[in-house]
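Just so you know, the protein sequences line up as chains G and V, in that order.
Each residue of the first sequence is one higher than the one before, counting from 135 in the numbering used here.
Each residue of the second sequence is one higher than the one before, counting from 135 in the numbering used here.
Any given hint might turn out to be false.
If several chains are the same, the list does not tell them apart, and a pair holds so long as it fits within one copy or across any two.
Under the rule of at most 16 Å between Cα atoms (straight-line distance), these lysine to aspartate or glutamate pairs were calculated in the EDC-like manner [unchecked claim]:
| id | residue 1 | residue 2 |
| --- | --- | --- |
| 1 | Lys-220 | Asp-267 |
| 2 | Lys-225 | Asp-297 |
| 3 | Lys-140 | Asp-264 |
| 4 | Lys-159 | Glu-349 |
| 5 | Lys-225 | Asp-291 |
| 6 | Lys-159 | Asp-352 |
| 7 | Lys-371 | Glu-349 |
The set of hints was computed from the structure by calculation and includes no laboratory data.
Number of protein chains: 2
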Amino acid sequence: MVKRYKKDLDVSYTLGMTLTIELLKYKLEYVTRIFIHSKLIKNDAYLYIEEVCKKNKIPLIQNDKVFNILAQKENCFVIGEFNKFKADVNKEKNHIVLVNPSNAGNLGTIIRTMVGFNLKDLVIISPAVDIYDPKCVRASMGALFHLNFQYFENFQDYTKEYDSRYYYPFMLQASRNLNEVEIKEPYSLIFGNEATGLDLKYLDYGQSVIIKHSENIDSLNLPIAVSIGIYEVTKEKFK
Amino acid sequence: MVKRYKKDLDVSYTLGMTLTIELLKYKLEYVTRIFIHSKLIKNDAYLYIEEVCKKNKIPLIQNDKVFNILAQKENCFVIGEFNKFKADVNKEKNHIVLVNPSNAGNLGTIIRTMVGFNLKDLVIISPAVDIYDPKCVRASMGALFHLNFQYFENFQDYTKEYDSRYYYPFMLQASRNLNEVEIKEPYSLIFGNEATGLDLKYLDYGQSVIIKHSENIDSLNLPIAVSIGIYEVTKEKFK
Chain G
135 MVKRYKKDLD
145 VSYTLGMTLT
155 IELLKYKLEY
165 VTRIFIHSKL
175 IKNDAYLYIE
185 EVCKKNKIPL
195 IQNDKVFNIL
205 AQKENCFVIG
215 EFNKFKADVN
225 KEKNHIVLVN
235 PSNAGNLGTI
245 IRTMVGFNLK
255 DLVIISPAVD
265 IYDPKCVRAS
275 MGALFHLNFQ
285 YFENFQDYTK
295 EYDSRYYYPF
305 MLQASRNLNE
315 VEIKEPYSLI
325 FGNEATGLDL
335 KYLDYGQSVI
345 IKHSENIDSL
355 NLPIAVSIGI
365 YEVTKEKFK
Chain V
135 MVKRYKKDLD
145 VSYTLGMTLT
155 IELLKYKLEY
165 VTRIFIHSKL
175 IKNDAYLYIE
185 EVCKKNKIPL
195 IQNDKVFNIL
205 AQKENCFVIG
215 EFNKFKADVN
225 KEKNHIVLVN
235 PSNAGNLGTI
245 IRTMVGFNLK
255 DLVIISPAVD
265 IYDPKCVRAS
275 MGALFHLNFQ
285 YFENFQDYTK
295 EYDSRYYYPF
305 MLQASRNLNE
315 VEIKEPYSLI
325 FGNEATGLDL
335 KYLDYGQSVI
345 IKHSENIDSL
355 NLPIAVSIGI
365 YEVTKEKFK
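Bound conformation, chain G alone (with noise of 0.2 Å):
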């Protein structure tokens, strides 16, 4: 019927009521099955799921087996599946570059701030975590189904592709504070990993930036990094 997610499945899973509309409302071409539980209290919230599912003719499947496999500790009692999507990022946007991220939740809870401040091109350079990873889904809030996303093999790759754009690595390192840098568009901001940051090869490309912060913390952590990154560039049209 279903199997644990794994990265090289077709498809990935929306976990829970309000992220299932969100993936019916934004991505309902991609949707193969809903899931619902016995337990399931049949609100207005999962009227609106089954309308959607009989107008487009999507199997609505009750099966609690599903949810044992799929949600295990989670307090969850709809699953939609959908088919995994490709959205290049666009050329004239502005960027987030994310070099070897490797925790789910941080990368879904970067692209909800990302998609709140209307940044909606995100480039991921390998190793990195799985965007599809149900995790990544849900601690995005469905903002994924709003993203353009595209993987790179090496950063290299991404300036080929991607050239003309003024980068803006947040290094420890960097020279210039993030308040005081003037950012051009079209930018890329660009951050490391988790544990590691940017190598310092970083140092070479465009203005690296810091957020300067006290010395009782190593660092930032990197949902927060990003965000505050983020905040502080597109401020001035969230008025």
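Got chain G sorted already, so can you dock chain V onto it with the hints?
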């Protein structure tokens, strides 16, 4: 020997080498025991721990069972045990106020950002997650050991004990945008629960503030919102 962590215990735990070193550096007087796993590699970091334990007569105990009880899934070979400490907030200082935070990882991440920007006074309004939960200690990356914090039964009790302050509740219903508001000191930046935010009654306290974002998301993740707030109000001090 040890029990699985619970809120009503007098002790809590640092799971991991780096975190345990932070504990020994900043809260030495509260440390009761250090546990090591038989698989621990005795590197320089370990030798530092051994030296501090010897010098301060702290029991250093090899016992793999302790790790099964306290750190099941974690890749963890050192655990510090410490007595819970009390560290009331300062009247004169700026405060972060969290109303009913429910997630230990989120709380730890917020503490990490606070200490990162030299905001070291945290007020928590109950019901709320336990700040000594090892998941919170760990997510704080040791920043908890630099923090003053205090729990209150309700917001009124806090305002009675700490009056003469400027209150800034962060709410989606607020009228003023974060980057337009003049923040006066000593301030209290107030944030609601992860799922429900702040009750409308908080509109009556001080100057409510919104971090404006697009309509594609319902709200920002709590640690992200708190961190953006902290960044904006402290950034003049980090140049």
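Going down the list of hints, with the structure as the test:
1. Taking CA atoms no more than 16 Å apart as the test, Lys-220 paired with Asp-267 passes inside one copy only; the shortest distance there is 15 Å, against 40 Å between copies.
2. Within a single copy, Lys-225 and Asp-297 get their C-alpha atoms as close as 8 Å, which meets the 16 Å cut-off; across copies the closest is 53 Å, which misses it.
3. Taking the shortest Cα distances, Lys-140 and Asp-264 sit within 16 Å of each other inside one copy (9 Å), while across copies they are farther apart (34 Å).
4. Taking the shortest Cα distances, Lys-159 and Glu-349 sit within 16 Å of each other only across copies (14 Å), while inside one copy they are farther apart (45 Å).
5. Proximity of Lys-225 and Asp-291 under a CA criterion of 16 Å is satisfied intra-copy only: 14 Å inside one chain copy versus 54 Å between copies.
6. Proximity of Lys-159 and Asp-352 under a CA criterion of 16 Å is satisfied inter-copy only: 15 Å between copies versus 41 Å inside one chain copy.
7. In this assembly of identical chains, the alpha carbons of Lys-371 and Glu-349 lie at most 16 Å apart only when taken from different copies (14 Å versus 32 Å within one copy).
Hint violations for this structure: none, all hints satisfied.
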